[in-house]
Amino acid sequence: MNKEELLSKLKTIIAPYVQNQEALKNLTENTDFIKDLEINSANLVDVILDVEDEFDIEIDNEAMEKMLTVKASIEVIENKLAIK
Amino acid sequence: MIGNDIVDLRLSRKESNWKRKGWIEKIFTTIEQHYIFEADRPEIQIWKFWSMKEAAYKAHQRRFEHPPKYNPIDFNCILGGKVAIDQYIYKVFTKIADNYIYSIAKESTTNYTSQIFNDIPKIQPFLLQKIAEKYDIDSSVLTIKKNDNQIPIVYINQRPSNILLSITHHGQYSAFVVSN
Chain E
2 MNKEELLSKL KTIIAPYVQN QEALKNLTEN TDFIKDLEIN SANLVDVILD
52 VEDEFDIEID NEAMEKMLTV KASIEVIENK LAIK
Chain Y
178 MIGNDIVDLR LSRKESNWKR KGWIEKIFTT IEQHYIFEAD RPEIQIWKFW
228 SMKEAAYKAH QRRFEHPPKY NPIDFNCILG GKVAIDQYIY KVFTKIADNY
278 IYSIAKESTT NYTSQIFNDI PKIQPFLLQK IAEKYDIDSS VLTIKKNDNQ
328 IPIVYINQRP SNILLSITHH GQYSAFVVSN
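Protein sequences, first through last, are from chains E and Y. FYI, in the numbering used here the residues of the first sequence are 2 to 85. FYI, in the numbering used here the residues of the second sequence are 178 to 357.
If you are wondering where the hints come from, they were derived from the structure by calculation, not from laboratory data. Backbone N, C-alpha and C fix where the C-beta goes; we use that ideal spot for every residue, glycine too.
Here are a few chain E residues that face chain Y, going by a calculated C-beta distance under 7 Å:
| hint | residue |
| --- | --- |
| 1 | N41 |
| 2 | A43 |
| 3 | L45 |
| 4 | V46 |
| 5 | L50 |
| 6 | N62 |
| 7 | E66 |
| 8 | L69 |
For reference, chain Y alone in the conformation it holds in the complex (with noise of 0.2 Å):
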């Protein structure tokens, strides 16, 4: 299982005051705070979290097939980039660039591509021709529909596929990660 997120740093900047009052421990839990804290820049340091939470909240649902639920604060971020809800955990991999922040959380034995893009109308074609190359089938018999809980399902010929894919959309960054 695989999930991805990415925070348009400057967009985040208009869109969210992270200093207003309740706003950091309705998210982090304390342990997250102490780290926010003592960060050189804490704004980061939230937006990492951020990220690593919502891109694990993704594998996750997708792995039990959960509802959509609001409760980033149940995702512990653990030191050595790892999260942890209940009791499973999912590796995450942050990259951490001047204007995004972008992380993809994966269980321990997926393997996975990803693409990020910078100020592009549609991410779908993008992603139809690399998976087309991947798995070497022709991009017009590809589509990817979401399904009632909003995840992304690749078809191939009209049947759906076990191909694993999450998208995410932040400002002017886009991008995808695909199974392997």
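Pulled out of the complex, with its shape left as it was, chain E reads as follows (with noise of 0.2 Å):
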């Protein structure tokens, strides 16, 4: 899977969440869940369990703690597919 595949996989999980639309628009790696894109706190467990339905993959805490950006995001689920 390529990064765009993976960027689109990740906007598409993220979108039910999301508060601020425009921000979703304009996603760029830069993005931030909580200040961009307005996602509450207690949904990014759903966004972190959805991604580890949609990839089969396990995010275990240490993973989990990065997960507040869109780059931050690919990079772990880049490592956690390579280690699969």
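Join these two chains into a complex; the hints should help.
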């Protein structure tokens, strides 16, 4: 899976939790889930569970604590896919 | 140091399905899970613990100027209204109302004033007025800006002050807490 596919899958996952739709349209690697997309912090758990389901990976606590931006999440997903 | 967090229960019922497989395990320690499942109303216990963790996270992050991190499971709720992270302990006051749960976390020596609002467009004017009253200064010289770590800082005449502040908003409710 290339980065573009990964980004597009991630975008689909986060979309239902996003409160700032304008920021979702302009999604980049630097987009912050809480600051830019205004995702409620309790919903970040849902994003993480959805990522686990979609990519069939397990996100441990250490990886989870980084997943606050698009960039960090892609890195986590890539790393977990690599060790599958 | 100080932090606060409010949960609008009507909104959390729409936004979050805590019964989802894996949801509780990602956020709560085994000990916390025990208290949740033993509680008369697990839902209330969940959001009580959640708001305690979030409030303590804000106080802790501010104290050590940590960049944002998503590690609610590392904040351990202890009976008697305390949250422990690493070797640090925060005292937490929690109010459970019919439609919201509100927590304030602080270091033992910090005293504070807090206000909860229902359905206001912006909290900032109320907050500036309160700070102006407390410190006996004109509200026109006050500004509030977030720093790079998303922590709100109170400026007096464009200079950063040592007033500690935390703001929270969820659904219909918002609240602030300011150090004395």
